[in-house]
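K.L.:
These protein sequence lines map, in sequence, to chains A and B. Under my numbering, think of the first position of the first sequence as 61, with each following residue one higher. Under my numbering, think of the first position of the second sequence as 61, with each following residue one higher.
Hints are not guaranteed to be accurate.
As the list claims (entries may be wrong) - Stretch by stretch, here's where chain B covers chain A in the computed footprint (C-beta under 8 Å, at least three residues): (1) 136-143; (2) 173-184; (3) 216-226; (4) 243-250.
Quick caveat, the hints were computed from the structure, so don't treat them as lab data. Ideal placement from N, C-alpha and C gives every residue a C-beta, glycine not left out.
There are 2 protein chains.
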Amino acid sequence: MLKAIQVLSSSSSSRLFGCRWKPLATSGPAISLSANPLSHHSTTAHRSSEPVRVYSTGSDPKMEAAPSPPSPSPTALSAASSRKINFCQWCGGATKHEVPDGEEKTRAICTLCGKIAYQNPKMVVGCLIEHDNKILLCKRNIQPSFGLWTLPAGYLEVGESAMEGAMRETWEEAQAEVEVLCPFAQLDIPLIGQTYIIFLAKLKKPHFSPGPESSDCQLFSLEDIPFDSLSFSSMVVTLKLYLEDVKSGRLKFHYGTINKRPGTSPSDSHAYTLDNHMQS
Amino acid sequence: MLKAIQVLSSSSSSRLFGCRWKPLATSGPAISLSANPLSHHSTTAHRSSEPVRVYSTGSDPKMEAAPSPPSPSPTALSAASSRKINFCQWCGGATKHEVPDGEEKTRAICTLCGKIAYQNPKMVVGCLIEHDNKILLCKRNIQPSFGLWTLPAGYLEVGESAMEGAMRETWEEAQAEVEVLCPFAQLDIPLIGQTYIIFLAKLKKPHFSPGPESSDCQLFSLEDIPFDSLSFSSMVVTLKLYLEDVKSGRLKFHYGTINKRPGTSPSDSHAYTLDNHMQS
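Okay, chain A solo, but in the shape it has when bound (with noise of 0.2 Å):
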């Protein structure tokens, strides 16, 4: 099970000037959004009171695979990731699997340098690009998820800011230009450790093309874009809260925590609840 969490309440506000986020979930159920908003004539969340478990999403080289079998802490996951790492990548030394002075969590510690190596969430950036009334999409040519649709994304890189890490994958898979207008969306998926930050864009020129990680690039408009057949839990959600807000006449920032409902299978993009969503 997760740790107990803070739950937002829904009369929470900003004390000095009011906030005009609105944390829409509530104690207890988590969110979830319905399976396909455009065959259920609407986006409306509605309350889930499942549990929270995590699957292994793949072994996508640009994808981080998922604990495997599914750990029920953060605690156990932590210390799961850390048992991953057998040796120092720095002197070679081996590992050895403890808490270090000082710390509450299992690390991975070098028996001949004392290096810990640290393990942390990765970020995905990626873009949902406009033009004329149409969503860009890209149809994956890797594992995982191949064949699927997805908006252009992948991990952030060291040296690269997000907002920049965000046109670089635009450009490598759908060889875009794009300019960014604003964050759109930060969602995590702690039990993989991958937190997603997508940003509304637009094309600076109407050119496209699938690059090496795609087969297809496409422009959807928003009642064809193809639910059924997204690469990710996070694409589906990005593009629901996208039509939610095209459906309320006004773009928000969102945050919120994508958790995997149990007895579901790690290839179902539609099996997860949204926990924790803040919007502004």
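Dock chain B against the given chain A, drawing on the hints supplied.
P.N.:
Coordinates of chain B only, in the frame set by chain A:
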């Protein structure tokens, strides 16, 4: 030099229904804020045409050391980062440093098992805590920036969301239980491979005390925030943006990139530019 990046035009807006975000940075010059808004009686952004470099921020085991000497491009930084990896953490084999097939950046590749060790930026998560028109700060009891003031913040761990991590760090450093109200800022520091995610929060109870990493915790009224004794540029930027928002009467979500001004000391937390600043 940084690679060319997309710079936002001040007229950028969402084509669909008017993006409410205001890209503040314009072509060419970076934007910097005055070093101390209180001493200058203004927090208005002004232009700076200084280029971008970075310096090490220290060796705190909780803070990733920056590359030294400073590297001029993201690609060089990525290569420099990979060259620190001499051995495979999985099998202990020696690494070679090459561009893998189908990729563009130099990586550490194991000469025995062939695995690639990817290096990615890390997220630092923290809370900006309002209480009785004051802000809670912690005096650092560890290096770097020993004895200087900070918001409670630290590295996000595998298995937790950014919000959970921010609450955990607040507990560890200030023994304070908080309710998160909304995301307040994402500040990338690309050249030391860090992204700060700061949440606005409030105390659940008016109780706090220094944890092991703090020598003191205090509530500061907004006019008494110790800008000359803050630990990191990220804290200076966050608190200045917060004061600007207070002054304007409206809280916003902020995205931006912090770059160190060339020729300045790594310990000078005011020697930065805030680039590509976008706010809700």
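K.L.:
For each hint given before, does the structure comply? Return the numbers of the non-compliant ones in rising order.
P.N.:
none
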